[in-house]
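Asker: Below, each chain spelled out in residue letters.
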Amino acid sequence: MTLYAALGAVEQGFVYGIMVIGVYLTFRILDFPDLTVDGSLPLGAAISAVAITSGVNPYLSLLFALAGGFLAGMVTAFLNTKFKILHLLASILTMIALYSINIRIMSGPNVALLGQDTVFDLVTKAGVPSQYAGLIIFGAFALLVLTFIIWFLSTELGQAILATGDNPQMIRSLGVNTNTIIVLGVGLSNGLVALSGALVAQNQGAADVGMGIGTIVAGLASVIIGETVFGCKTMPRAFIAALLGSIVYRLAIALALGLEFGAFRFNPSDLNLITALLVIGALITPNLKKRLIQR
Amino acid sequence: MIRLENIVKYFHKGSVNEVFALNTINLQIDEGDFITVIGSNGAGKSTLLNCIAGGFFPDSGRITIAGVDVTGWPEYKRASLISRVFQDPLLGTCPSATLEQNMALAGLRGKRRGLGRGVKHRDRQHFREELTKLGLGLENRLLDKVGLLSGGQRQALTMLMATMIKPEVLLLDEHIAALDPKTANQILHLTQEIVKNQKLTTLMITHNMKHAISFGNRLIMLHQGRILLDLRGEEKENLTVKDLLQQFYRAQGEELAMDSLLLN
Numbered sequence: 001m002t003l004y005a006a007l008g009a010v011e012q013g014f015v016y017g018i019m020v021i022g023v024y025l026t027f028r029i030l031d032f033p034d035l036t037v038d039g040s041l042p043l044g045a046a047i048s049a050v051a052i053t054s055g056v057n058p059y060l061s062l063l064f065a066l067a068g069g070f071l072a073g074m075v076t077a078f079l080n081t082k083f084k085i086l087h088l089l090a091s092i093l094t095m096i097a098l099y100s101i102n103i104r105i106m107s108g109p110n111v112a113l114l115g116q117d118t119v120f121d122l123v124t125k126a127g128v129p130s131q132y133a134g135l136i137i138f139g140a141f142a143l144l145v146l147t148f149i150i151w152f153l154s155t156e157l158g159q160a161i162l163a164t165g166d167n168p169q170m171i172r173s174l175g176v177n178t179n180t181i182i183v184l185g186v187g188l189s190n191g192l193v194a195l196s197g198a199l200v201a202q203n204q205g206a207a208d209v210g211m212g213i214g215t216i217v218a219g220l221a222s223v224i225i226g227e228t229v230f231g232c233k234t235m236p237r238a239f240i241a242a243l244l245g246s247i248v249y250r251l252a253i254a255l256a257l258g259l260e261f262g263a264f265r266f267n268p269s270d271l272n273l274i275t276a277l278l279v280i281g282a283l284i285t286p287n288l289k290k291r292l293i294q295r
Numbered sequence: 001m002i003r004l005e006n007i008v009k010y011f012h013k014g015s016v017n018e019v020f021a022l023n024t025i026n027l028q029i030d031e032g033d034f035i036t037v038i039g040s041n042g043a044g045k046s047t048l049l050n051c052i053a054g055g056f057f058p059d060s061g062r063i064t065i066a067g068v069d070v071t072g073w074p075e076y077k078r079a080s081l082i083s084r085v086f087q088d089p090l091l092g093t094c095p096s097a098t099l100e101q102n103m104a105l106a107g108l109r110g111k112r113r114g115l116g117r118g119v120k121h122r123d124r125q126h127f128r129e130e131l132t133k134l135g136l137g138l139e140n141r142l143l144d145k146v147g148l149l150s151g152g153q154r155q156a157l158t159m160l161m162a163t164m165i166k167p168e169v170l171l172l173d174e175h176i177a178a179l180d181p182k183t184a185n186q187i188l189h190l191t192q193e194i195v196k197n198q199k200l201t202t203l204m205i206t207h208n209m210k211h212a213i214s215f216g217n218r219l220i221m222l223h224q225g226r227i228l229l230d231l232r233g234e235e236k237e238n239l240t241v242k243d244l245l246q247q248f249y250r251a252q253g254e255e256l257a258m259d260s261l262l263l264n
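Top line first, the protein sequences correspond to chains Z and D.
Take 1 as the starting number for the first sequence in the working numbering and just add one per residue.
Take 1 as the starting number for the second sequence in the working numbering and just add one per residue.
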């Protein structure tokens with residue numbers, strides 16, 4: 001793997017790391033497996049791209065994206081808490097609905113951002129070579145989101161979110177409406193995923209309706225790799241591990257795509273297979289370790 | 001003061017599994033009452049507590065706590081007035097949160113939760129003092145996860161958490177039934193101490209007739225969703241386990257007699 005490819009992987013790790021933090025919030029903290037993210041990532045991209053092409057400030061467009069994602073998450077959570085639709089099914093319904101909505105937002109399957117202002121202009125104008133612009137901006141956003149989520153979950157309200165995933169009966173009898181908490185948590189999670197999508201779109205120079213496919217798989221893979229490699233003993237550590245897991249995941253993918261066995265090479269279309277193998281590997285390692293130690 | 005008026009509750013109404021869980025319950029719980037509740041399985045004890053706590057709504061009837069009609073209030077809203085300790089020690093605490101985080105959660109029972117720090121520095125000293133009262137050495141384990149504690153320790157912590165903010169009524173649903181006899185005794189005495197010190201209005205379900213007689217100032221026996229006995233004061237103090245068992249069997253005796261008639 002070349003240094004250039006490694007830098008690219010770290011950059012991707014940071015930007016999708018924001019999505020992974022969102023996935024960790026639903027999947028692990030709230031115990032709410034949420035597939036909405038496959039729709040809310042391109043939703044964020046679509047909102048941001050359309051806003052920028054209509055002349056909105058690129059930073060402000062990120063806020064719009066965040067709000068859009070938050071709403072999408074709220075819909076899923078409402079379907080689950082108010083109408084008692086199974087969380088997995090509720091999230092799939094929102095996800096497929098978002099496919100149509102995203103095309104409506106973009107008035108087509110994609111929107112190009114060629115020649116438009118993006119958040120990267122800030123650093124490129126300051127004289128930073130453009131190949132590092134992504135790394136700096138994505139790194140800054142990822143660390144900002146990481147700090148925010150750790151702070152937020154340490155507050156009184158955040159502690160109620162943690163407790164809702166851990167012991168809903170207990171926190172209800174302490175006066176917390178767990179339904180409201182789930183709506184808030186799933187909303188926040190999808191807001192972060194949409195933010196991640198918006199940043200990706202600004203970096204790629206386009207938003208595309210298909211860019212969300214496999215988001216949840218990549219998210220789960222990163223979460224599981226992070227937990228296995230870096231541990232999850234405390235809440236802050238778990239979120240740091242999720243972000244680092246995202247970087248390791250992207251590096252592993254880049255590494256696998258660069259491998260050559262004689263005439264055989266991996267194609268980008270083998271990505272799903274590689275992801276599946278990575279997740280299986282991360283899932284069975286703790287088990288294997290235990291068995292080896294017992295012997 | 002808590003007042004239950006004509007509380008009726010069916011489960012699976014209209015189906016073959018229909019259960020008449022509470023049959024027109026009328027009960028007035030006075031300020032400072034410590035009521036022990038007994039009755040066989042299925043008599044409606046837990047249903048009664050759940051109805052007060054808002055775990056589900058009665059089919060008809062009215063519940064008022066401290067003069068406020070709470071009949072339509074969901075469970076989380078009633079939490080400002082009610083504290084509960086469950087039979088299962090795992091239900092009262094968050095396993096993956098630390099002791100201090102759990103206590104901080106309980107310290108905000110029924111209050112608005114904002115963006116202040118979850119565990120405040122000034123609260124730690126207070127938590128430590130409270131835990132010292134338990135005499136279990138937990139005051140040195142504020143940063144341990146509650147999942148590491150034994151069932152007895154968790155239940156002791158739950159008792160503490162339930163009474164950190166004084167509730168209008170404390171509901172104890174067989175809260176010592178899942179513990180070993182020694183631990184059960186400790187928790188029971190802890191309960192008595194807390195109830196006495198804070199002058200709490202308390203409802204305690206128990207299957208132990210001796211406990212039912214020796215604790216509290218009032219005793220209620222439920223049978224088939226009705227209040228069969230409601231003894232207080234001298235009546236309760238002079239009660240023996242034998243009397244109680246006799247009453248208990250007399251309640252079911254009518255059916256027994258009917259059965260024996262049929263069998264003959």
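Quick caveat, the hints were computed from the structure, so don't treat them as lab data.
Using N, Cα and C, we set each Cβ at its ideal position, and we do this for glycine too.
One or more of the hints may lead you astray.
[Unchecked claim] If we take Cβ atoms under 10 Å as the criterion, some of the chain D residues that face chain Z in the derived model are:
no. : residue
1   : F56
2   : F57
3   : G61
4   : T71
5   : G72
6   : K77
7   : R84
8   : T98
9   : N102
10  : R113
11  : G114
12  : R122
13  : A162
14  : K166
15  : L244
Asker: Once the shortest beta carbon distance from A162/D to chain Z is found, is it less than 10 Å?
Answerer: holds (9 Å)
Asker: Does the CB of G72/D sit less than 10 Å away from some CB of chain Z?
Answerer: violated (15 Å)
Asker: The hint names R113/D as touching chain Z; please verify it with the least Cβ-Cβ distance against 10 Å.
Answerer: holds (4 Å)
Asker: Checking hints one by one. Is F57/D an interface residue toward chain Z, by the C-beta closer than 10 Å rule?
Answerer: Since the shortest Cβ distance to chain Z is 15 Å, the answer is violated.
Asker: Would you check whether L244/D satisfies its interface hint, that is, whether its CB is within less than 10 Å of any CB in chain Z?
Answerer: violated (31 Å)
Asker: For the restraint on R84/D, tell me whether the closest CB of chain Z is nearer than 10 Å.
Answerer: For R84/D, the interface hint holds, since the closest Cβ of chain Z sits about 5 Å away, which is under 10 Å.
Asker: Classify the hint on T71/D as holds or violated, based on whether any CB of chain Z lies nearer than 10 Å to its CB.
Answerer: With Cβ-Cβ at 18 Å, over 10 Å, it is violated.
Asker: The hint names G114/D as touching chain Z; please verify it with the least Cβ-Cβ distance against 10 Å.
Answerer: OK, holds: G114/D within 10 Å of chain Z, min 6 Å.
Asker: Would the hint on K77/D be counted as holding, given a Cβ-Cβ threshold of 10 Å to chain Z?
Answerer: holds (7 Å)
Asker: Classify the hint on N102/D as holds or violated, based on whether any CB of chain Z lies nearer than 10 Å to its CB.
Answerer: Since the shortest Cβ distance to chain Z is 8 Å, the answer is holds.
Asker: Does T98/D pass the interface hint, meaning its C-beta sits closer than 10 Å to a C-beta of chain Z?
Answerer: With Cβ-Cβ at 9 Å, under 10 Å, it holds.
Asker: Return the status of the interface hint for F56/D: holds when the least beta-carbon distance to chain Z is below 10 Å, violated otherwise.
Answerer: At 13 Å from the nearest chain Z Cβ, F56/D fails the 10 Å test, so the hint is violated.
Against the hints set out earlier in the document, violations occur for numbers 1, 2, 3, 4, 5, 12, 14 and 15.
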